[in-house]
Structure formats: C-alpha cells, structure tokens
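Enquirer: The listed protein sequences correspond, in order, to chains A and B.
Under our numbering, the first sequence is numbered contiguously, ending at residue 293.
Under our numbering, the second sequence is numbered contiguously, ending at residue 1330.
Don't read these hints as lab results, they were simulated from the structure.
Ideal placement from N, C-alpha and C gives every residue a C-beta, glycine not left out.
Among the hints, erroneous ones may be present.
Claimed, not checked - Label-pair ranges, simulated between beta-carbon atoms: (1) B:1294 x A:4: 26 to 34 Å; (2) B:1311 x A:21: 27 to 35 Å; (3) B:1283 x A:31: 29 to 37 Å; (4) B:1311 x A:132: 55 to 63 Å; (5) B:1273 x A:15: 35 to 43 Å; (6) A:126 x B:1170: 51 to 59 Å.
These are the residues of each chain, in order.
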Amino acid sequence: MDLIQFPEMSRSSLRTLRQVVDGGFRDFTRAWGDTLESLFSPLQSLLTLIENLLLRSPWPLVLAGMAALIWLASRSSRITLGSVLALVVVGYLGMWEDTMRTIAMVAVCTMMAVVIGLPIGILMAQSNRANAIVTPLLDMMQTMPSFVYLIPVVMIFGLGKVPGVIAVVIYAIPPVIRLTNLGIRHVAFDVLEAAEAFGSSRWQKLRDVQLPLALPSIMAGINQTIMMSLAMVVIASMIGVRGLGQPVLQAINQQYFTMGVMNGLAIVAIAIILDRTTQAYGKRLQKHAEAGR
Amino acid sequence: MRKILASTTLAFLGLSVPALAADDCGKISIAEMNWASAGLAAWVDKIILEEGYDCDVALVAGDTMPTFTSMNEKAEPDMAPELWVNAVKEPLDKAVAEGRIELPGKILSDGGVEGIWIPTWLAEEHGIKTLAQALAHPELFPGAEDGEKGAWFGCPSGWACQAINQNQYLGAGAEEKGFELVDSGSAAALDGSIARAFNRKEGWLGYYWAPTAILGQYDMTRLELEAEHDPEKWHGCMVKSDCADPVVTEWPVSDVFTAVTKDFAAKAGPAMSYVAARSWSNDTVNGMLSWMVENQATNEDGAYHFLETYPEIWAEWVPAEVADKVKAAL
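Take the sequences, apply the hints, and build the full model.
Expert: Okay, here's the thing in structure tokens:
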C-alpha cells in the first residue's frame, strides 16, 4: 500500500463535485438574485442618504455636527478638539470626500452589526445550544479569506455599496456578538439571585440587571467592530466600494508611496477618533451607572 | 545502424529516449506565466517539445517583469511563451538589439485586444455597433449606484488601463450622457459583474481585454470607437491620469510574442521553427480558456484537450512526422 501518496478522491469526481456546486450556485443567483437585491435595497438607500448628507451639506456644518456628536458622546474637550483637528488636516490634504464616504460606510456597517449582533449575543448567553451553534459560525466568519465570499456576493448584488456592507458586516460582527455573550454570562450569580428574590421576570432581569452590568463588555465589542470594519475598507474597495480604500489600492498597485501612506493615515485618523469617542462614551455610561446605584 | 538498434533496445526496455536525444534539444526551461492563456501555452509547448522534439522540458512559474528580467540578465528560463511586449518595451528592444533575446514569432495572431465591450445579444437586439450608439441608451446598462444612470465598468484600481479607461470615459462625454464610471476594484470583481449581468440577462458595458476566459464563456462584442489610434495623443495624454484634454482614441493592438534566449535559439535547432510557427487566434484561446473554466481544468488538462480537439490548428506548426509523434503520445 502506498503510504506516501494520500488517498484522494479521483480527479474526475472532484471536478464533478466542483461543477455541481458551482452550477448550483449559478442557478441560485439566477433564481433569487432579484429577490435578494430588493430585500437589501433599503440598506442601499440608507447608505446613499448618509453619504449624500455628509457630502452635499456645507463642510463647516458637517464638521460642526461631527464635533457636536463627538462632544455629546465623550464629553471631553481634548478628544473633540483632536478629532476636529484631524478631520481638518485630512480634508486639507484633499481626502475630505473619500473620508466622508468611508465614515458613512463604517457608520452603517456598525449600525447593522449592533442591530443584528446584540440580539444574537443575548440569545447565545441565554441558551447553551445557540452558543454551540453560533460559535463555530463566528470562527468561520473571522477566518474565511474575504475574497472567497466576496465574489459570490458580487454575483448576486453587483459591484458597489451593498456587497461592500455585507462583506464588512460579516467580518466585523463577531466581536459584538462574542462580547455581548461574554458580558451577560459574566454577571455575578448572586446579583441574579437577588434580582430573582425581588421577583423580577426574565425580561426585567435582562433589561435592568444583565445588560447594564454587561455594558462595558458590550461597548468594548462595538469598539472592536468599528475597528474591524475600518480594517476592511481596503478589501471592500476591491469590489468597487468608494472611499479611502480605493486610493490605497491604487497606491499599492502603482507603488505610489506617499499616496498610500496619506490615505492609510486618514483611515487611522478615523479609527482613532471613533475609538476614543466610543471608549469615552462607554466609560461615561459606567460612571453614570455606578453613581446612580 | 547500431545507433538505431541501440535506441530501439532502450525504448523496448522502457527507458525513454531523452538521454540520446539530448544532443538535439536537451533540457530547456519554459516560463509558466501566472495568467490563464500563457499557462495554457506553456503546457502546449511542453507537450509538443517533449513528445515531438524529444526535449526535456521543465516549467518554472513566472510573471512578465521577473521572468523577462531573469531571461535578460541570466538567460533563464529559456523561453517565455507569451510576452506582452508593451509591458517591457524599452529593455526588450535593447535586449533584442544586443542579441540576448530573440522573438521568433507572434503567439497571438490577433494580438492582445482591449476595448469597451457589451453583450452580443444586446448589441444585436438594439443594433448597437459603436460606442456612441451605446452611450445613447444609459437605461440598457444597469449597475450604477445611482439607479437612474447607466454603468460604465472601469478597469481595476491601479492597473495601467485605469487612467486610459477613465480618459476614454471622459473623452466620450459619457457623464453628460447619463453614465457613471464604476470602479471595479479588482479583476475578480470585474469578472463577477459580467457573470452577474449574463446570469440575469442584463446589459453590461465596460472595459475588458482578450484573450480571456470571460470572453470565451460570455459572448461579447467589442464596440467600435470610431476613432483612429493616435500614438502621439495616446502616449502624450491618454495614458496619464491627469490628461488635460481626453478624447476617444482607439486602443492599439498589443503585440504578444514568444521570447526565447539566445542559448535556446542556438541549441534547440528544429524546435525553433516550431516556436516561430506557433500562433493562435484569440477566438481559439478564448474558447479553450472557457472550456477550462467550465471543466475546472488545470493548464495541463487544457493543453491535452487542445491537442486532442484541434489537431488541424497545431499540426500546421510542426512537420508531419513530429505531428505524428505527438498524436501517438496523446
């Protein structure tokens, strides 16, 4: 017996297997492409709306609005000033439009990730079976090379924003889910017992005890999701998503060093702004909760 | 007589002949470039040279710049079956002038073709032949983010064709005619958008090039630009991303040659006439590549399929007795 050569499927049956799967997928896109696309069209409208809001309003207004949001969330003049300064520099270096597109994209992706991820995280914390099913899926989403699912997504949705959002959300949603699950599971047992002793229902327990106590962990998850969606910006540009990723991609392919670094740093600037703001917001929430109790 | 006897004995013993035939051709290395049409050509060469000319062929992985540089500086590998001349124009001219590299023949008889393509069924249905006619109907070409506009799919980010395509778009006044330039991001995504359009029987308009598997799989028509190629305008403006005054200009046909080193030309003897004669049309290559995609075939599978299916094409490249030897080996 040949122990060097691994016993593998014959070439022809392997080929048939690949053909069958490819053919099945092609039939699927033909049958369901239109339906799926119209299902996701609200997402497209939302993205276009936010993008137009950022791009077609006068820039001082946009800057002031962002400063106000950052201030409201962080209540820190240092973070607010630093953010405004960073945005002004990025804009002055000619990257305002791309930066706004990227911010719109990240905002929508984060929103989607939270809206979908939070309930899944809560479900996983409540049920061990859900936990056992979802965890391997999350592992897969985080490690599967993106282009493997990007091209099928393009075959269904075409090039542009919607496939971009789907790709980014697939990659960036796991931290919200994982950390929501973890945060809720780590709520001390005696606290829950006390809540039960006071006769709270399951819903009351979740809303008034578990979620508030898990908040720091959930905020850390959202923060990670934002960071990961920014990391996907360049990959998303490979399926035609406009924003800071495109000049980076162009710079990589043509070896324009300065252009690559500048746009890369603009992505970093957005990341730092969002990171500091959400962290400060998370801390403030905690403080508020501690003081209130 | 003794030599013939010896070789037949060896053949009967099950040893192959390269040991003796080494005087004729010897060991040669061929670059298997990392794109589909060149990979297929490398395998066709390998089989014909091994079976027909008793060469001992080794394939090495390659890409335009590294392979050319290595051939130029170190005379390795011996042969690049498909070299797109424009990509290495200046150093190649020098290498040819100084005798380090020879270009025995054009592998693509039509040359590499670039242009703006639309699905053939659409072209026939609406009688569209030229770019101007297509641009009059933005509603036929969906895919833009702004649903009311037509989509013009561009060349992937950072490729040399990106600036050219953008200048053609601007020069054609496509924006005023209700089109949006969609940046395709990558070749894979561009292919995906074409596959999607054909799956749904939707219109598609954009930049593409031949020979490619996509053009073999999907029947597309190249639009006439109704403009001559103007080398001065082309190199002075169209290839630049900051071209001040873009106008529609026909793409030049890219010359695609087989390149061999001087050593190979000297030692390969009769095989050189094969390399000089070997030339196939874009239709043949497109068809082969699409067969390979449909059957998920490797370059080797594709080469055998080509040799088995199209003897009338390749038999013309070699003398009759060589053709018989190759046929016998299939």
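Enquirer: When the hints from earlier in the document are held up against this structure, which numbers fail?
Expert: none
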